[in-house]
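Number of protein chains: 2
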Amino acid sequence: MALAEAGARGRLLLWPRVVLFGDSITEHAFQEWGWGAALADRLVRKCDVVNRGFSGYNTRWAKVILPRLIGKSASAESTVAVTIFFGANDSALKDLNPKQHVPLEEYAVNLRSMIQYLKSVDITEDKIILITPPPLQESAWEKECLAKGDKLNRRNSTTGEYAEACVQVARDCGTDVVDLWTLMQKDQDFSSYLSDGLHLSTKGSNFLAAQLWSCLEKKVSTLPSLLPYWRDVDHMNPEVSLL
Amino acid sequence: MALAEAGARGRLLLWPRVVLFGDSITEHAFQEWGWGAALADRLVRKCDVVNRGFSGYNTRWAKVILPRLIGKSASAESTVAVTIFFGANDSALKDLNPKQHVPLEEYAVNLRSMIQYLKSVDITEDKIILITPPPLQESAWEKECLAKGDKLNRRNSTTGEYAEACVQVARDCGTDVVDLWTLMQKDQDFSSYLSDGLHLSTKGSNFLAAQLWSCLEKKVSTLPSLLPYWRDVDHMNPEVSLL
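Protein sequence lines correspond, in order, to chains C and P. Read in the UniProt record's numbering, the first sequence has 222 at position 222, and its numbers run on one by one without any break. Read in the UniProt record's numbering, the second sequence has 202 at position 202, and its numbers run on one by one without any break.
FYI, nobody ran anything at the bench for these hints, they're computed from the structure. All residues carry an ideal CB built from backbone N, CA and C; glycine is no exception. Take the hints with a grain of salt, since some may be wrong.
Just the calculated beta-carbon pair ranges, DEER-fashion [claimed, not checked]:
| no. | chain 1 | residue 1 | chain 2 | residue 2 | range |
| --- | --- | --- | --- | --- | --- |
| 1 | P | SER214 | C | GLU164 | 21 to 31 Å |
| 2 | C | GLU164 | P | PRO224 | 33 to 43 Å |
| 3 | C | LEU146 | P | SER73 | 24 to 34 Å |
| 4 | C | GLU144 | P | HIS235 | 15 to 25 Å |
| 5 | P | PRO224 | C | TRP213 | 25 to 35 Å |
| 6 | P | HIS235 | C | LYS203 | 31 to 41 Å |
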């Protein structure tokens, strides 16, 4: 039997996907044992994990590009979860980083409008996970800033206000949220979770993957393993098992 | 402006993809600093790297499922490369592992028919990369077999014949090939490239990623970085930059 004919007999498989939407902490999610790679490994044979991370972006820009990334067609059916992970740039200090800074109130409005957009393409709130920015280790990040000839352009307490607003949006909209800012500071020194005071270290990435998994697990629990386990294939008549 | 309206103004972005099609060595490609994760990281903002690895599968089963994984619609436009990486199971010894074994001649025919199928959906030979099975470290793999109550069910010399057939198919069909079996044994002890005598260790995975990259690089060199670098966004009027 020609392969094209075989393909016509078996339906094209719809491969579901998890979309990771965010800034540089998402764009780097497949680096060095990253949280994106960890999720992709856990979800292999169930769905793809696709990276829609944009270094340096804030929610003002993110809400503009979101409809260019996720459209109406087949979205709801194939997208099992979307993470929205911004705030590290929005919370940059206005005076020192006006390009990336987004006022606190607007940050919350932008998050709400992204959730609203996703719902309009049938990605319901139960499929959405907000992630707050991680805490900022000011001394380490200051070194990065100084190396570029800049002053410290973010404050941990300010980032904390954005994290709180993110949690409130999640509560109001009925989505899940991983409050990384709070979780990473809970009864522990959070410095080892960060590589440069702002981005995640391998340990921080593992921490996020574990926290995310507890939200994702219930969203993916009904997904079947795609195509049979090899020991279950009828090797005398494989097409019966595979088409 | 409502987000749905913004989406209508900017076109939905077609996100290209690299498809990794293979057996368990592909299915594990996002584990522990794996070769799939390394490629996904290198190709971030350019294309997705999706895992179509099926542990235990051989080319007889792979050719049946391929049309269920890659269909005609938009394939050529969105798929920039496909790796086909089988042989570790095909080359299992017939007497000791009849379920996974595929005769040498049929293995070559199956590879050819998969290339033929991809061409029929406009994924031309210049987008296809064959990968030969890695060498087998018999003593380590024998331990795995014995632990399951089996005898050693593969031989490195036999796997080498399959690797040679794979290289010949690539030559005949005009596709690229990464001859892992030969490269890993070239002037070096290959044991550190394997975790259990058959699957790749982190070092072996890095080796494969580096070898693959030299083939992939030219296939992806013309891909643009998707959406502008953040410093290039006009922050006074971001929609001009982003839509």
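Compare the structure with the hints numbered earlier in the document and write down the numbers of the violated ones, lowest to highest. Numbers 1 and 3, in rising order.
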